[in-house]
Amino acid sequence: MDRRKALKNIGISFGSITLSTSIVSIVHSCQTSDESWTPVYFDKSQVSFVEKLMEIIIPETDTPGAISLKLIRFTDSYLNVVLNDKDKKGFKDSVDNLMSKMIKEIDGETSLPFVIKGYLVKYLDKNSFSSNTDQITANNLEYIRRLTVDSYKINEYVMTNILSFQLTPGQYKGCADLDEFGVPGSITY
Numbered sequence: 068m069d070r071r072k073a074l075k076n077i078g079i080s081f082g083s084i085t086l087s088t089s090i091v092s093i094v095h096s097c098q099t100s101d102e103s104w105t106p107v108y109f110d111k112s113q114v115s116f117v118e119k120l121m122e123i124i125i126p127e128t129d130t131p132g133a134i135s136l137k138l139i140r141f142t143d144s145y146l147n148v149v150l151n152d153k154d155k156k157g158f159k160d161s162v163d164n165l166m167s168k169m170i171k172e173i174d175g176e177t178s179l180p181f182v183i184k185g186y187l188v189k190y191l192d193k194n195s196f197s198s199n200t201d202q203i204t205a206n207n208l209e210y211i212r213r214l215t216v217d218s219y220k221i222n223e224y225v226m227t228n229i230l231s232f233q234l235t236p237g238q239y240k241g242c243a244d245l246d247e248f249g250v251p252g253s254i255t256y
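The sequence shown begins at 68 in our numbering and counts up one residue at a time.
Simulated from the structure, these hints should not be mistaken for laboratory data. No residue lacks a Cβ here, since even glycine has one placed at the ideal position from N, Cα and C. The reader is advised that the hints may include incorrect statements.
To be verified - As a list, the in silico DMTMM-like pairs of lysine to aspartate or glutamate whose alpha-carbon atoms are at most 25 Å apart:
{"no.": "1", "residue 1": "K220", "residue 2": "D244"}
{"no.": "2", "residue 1": "K111", "residue 2": "D192"}
{"no.": "3", "residue 1": "K159", "residue 2": "E176"}
{"no.": "4", "residue 1": "K171", "residue 2": "E118"}
{"no.": "5", "residue 1": "K119", "residue 2": "E172"}
{"no.": "6", "residue 1": "K184", "residue 2": "D160"}
{"no.": "7", "residue 1": "K189", "residue 2": "D246"}
{"no.": "8", "residue 1": "K189", "residue 2": "E223"}
{"no.": "9", "residue 1": "K111", "residue 2": "E127"}
{"no.": "10", "residue 1": "K189", "residue 2": "E247"}
{"no.": "11", "residue 1": "K189", "residue 2": "E122"}
{"no.": "12", "residue 1": "K189", "residue 2": "E127"}
{"no.": "13", "residue 1": "K184", "residue 2": "D152"}
{"no.": "14", "residue 1": "K159", "residue 2": "E118"}
{"no.": "15", "residue 1": "K155", "residue 2": "D244"}
{"no.": "16", "residue 1": "K119", "residue 2": "D201"}
{"no.": "17", "residue 1": "K184", "residue 2": "D217"}
{"no.": "18", "residue 1": "K155", "residue 2": "D174"}
{"no.": "19", "residue 1": "K155", "residue 2": "D246"}
{"no.": "20", "residue 1": "K159", "residue 2": "D129"}
{"no.": "21", "residue 1": "K189", "residue 2": "D201"}
{"no.": "22", "residue 1": "K156", "residue 2": "E122"}
Stated by the list, open to error - Quick list of the computed label-pair ranges, beta carbon to beta carbon:
{"no.": "23", "residue 1": "Y210", "residue 2": "F232", "range": "33 to 43 Å"}
{"no.": "24", "residue 1": "L234", "residue 2": "G175", "range": "19 to 29 Å"}
{"no.": "25", "residue 1": "G132", "residue 2": "D244", "range": "17 to 27 Å"}
Start from the sequences, fold in the hints, and give me the full structure.
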């Protein structure tokens with residue numbers, strides 16, 4: 068992979084989701100532990116489905132997963148603010164379509180998480196498909212994966228405990244002795 072292209076994509080994906088002050092307020096509101104949260108973009112069944120999908124993309128390991136970090140709350144609010152009415156309807160329809168396709172494959176031995184894993188393996192990270200519907204499914208799953216990863220990267224817990232985020236410009240000490248900071252041979256006047 069071209070290094071410049073990768074750095075550019077990382078910068079764009081991180082910058083595009085954190086530029087707006089309304090997005091910052093969404094992130095802050097999603098960190099609360101209020102159990103009476105109601106979605107503003109998705110309906111209840113879509114929230115449950117997308118949350119399961121997000122948990123499979125970022126599962127709980129030694130670090131919290133998508134459900135523990137409540138990534139669905141940010142995603143729900145973010146999509147409600149960012150998408151126009153046409154795109155809102157289009158994405159909700161695509162989530163409904165994904166749900167119905169996956170639910171049809173559930174039987175007595177197969178659970179929804181197992182079906183979701185199968186779809187992710189089949190459709191993600193592939194470049195070409197034989198049918199247009201397969202390409203649409205792949206695009207929708209890729210969009211949900213990007214939303215999940217972006218939501219994860221800007222989550223307060225992840226930023227402060229995993230990514231070692233520091234506020235910019237940091238702590239200011241105006242009249243500090245440079246020897247204290249490991250700068251040898253500081254000049255005194």
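Now for the hints, and whether the structure bears them out:
1. K220 to D244: It is violated: about 36 Å lies between the C-alpha atoms, which goes past 25 Å.
2. K111 to D192: Distance ~29 Å between K111 and D192 Cα, so the pair is violated.
3. K159 to E176: 29 Å, violated
4. K171 to E118: 19 Å, holds
5. K119 to E172: 16 Å, holds
6. K184 to D160: Between K184 and D160 the Cα gap is close to 21 Å, so the pair holds against 25 Å.
7. K189 to D246: 58 Å, violated
8. K189 to E223: 32 Å, violated
9. K111 to E127: Judged against 25 Å, a Cα distance of about 22 Å means the pair holds.
10. K189 to E247: 56 Å, violated
11. K189 to E122: Judged against 25 Å, a Cα distance of about 18 Å means the pair holds.
12. K189 to E127: 22 Å, holds
13. K184 to D152: 30 Å, violated
14. K159 to E118: This hinted pair holds, its Cα atoms lying about 14 Å apart.
15. K155 to D244: With Cα atoms ~56 Å apart, K155 and D244 exceed 25 Å; violated.
16. K119 to D201: 21 Å, holds
17. K184 to D217: 20 Å, holds
18. K155 to D174: 31 Å, violated
19. K155 to D246: 57 Å, violated
20. K159 to D129: With Cα atoms ~32 Å apart, K159 and D129 exceed 25 Å; violated.
21. K189 to D201: Distance ~10 Å between K189 and D201 Cα, so the pair holds.
22. K156 to E122: Roughly 24 Å separates the two Cα atoms, so the pair holds.
23. Y210 to F232: 33 to 43 Å: 26 Å, violated
24. L234 to G175: 19 to 29 Å: The hinted range 19 to 29 Å is violated for L234 and G175, with Cβ atoms some 53 Å apart.
25. G132 to D244: 17 to 27 Å: 45 Å, violated
Hint compliance for this structure: hints 1, 2, 3, 7, 8, 10, 13, 15, 18, 19, 20, 23, 24 and 25 are not met, and every other hint is.
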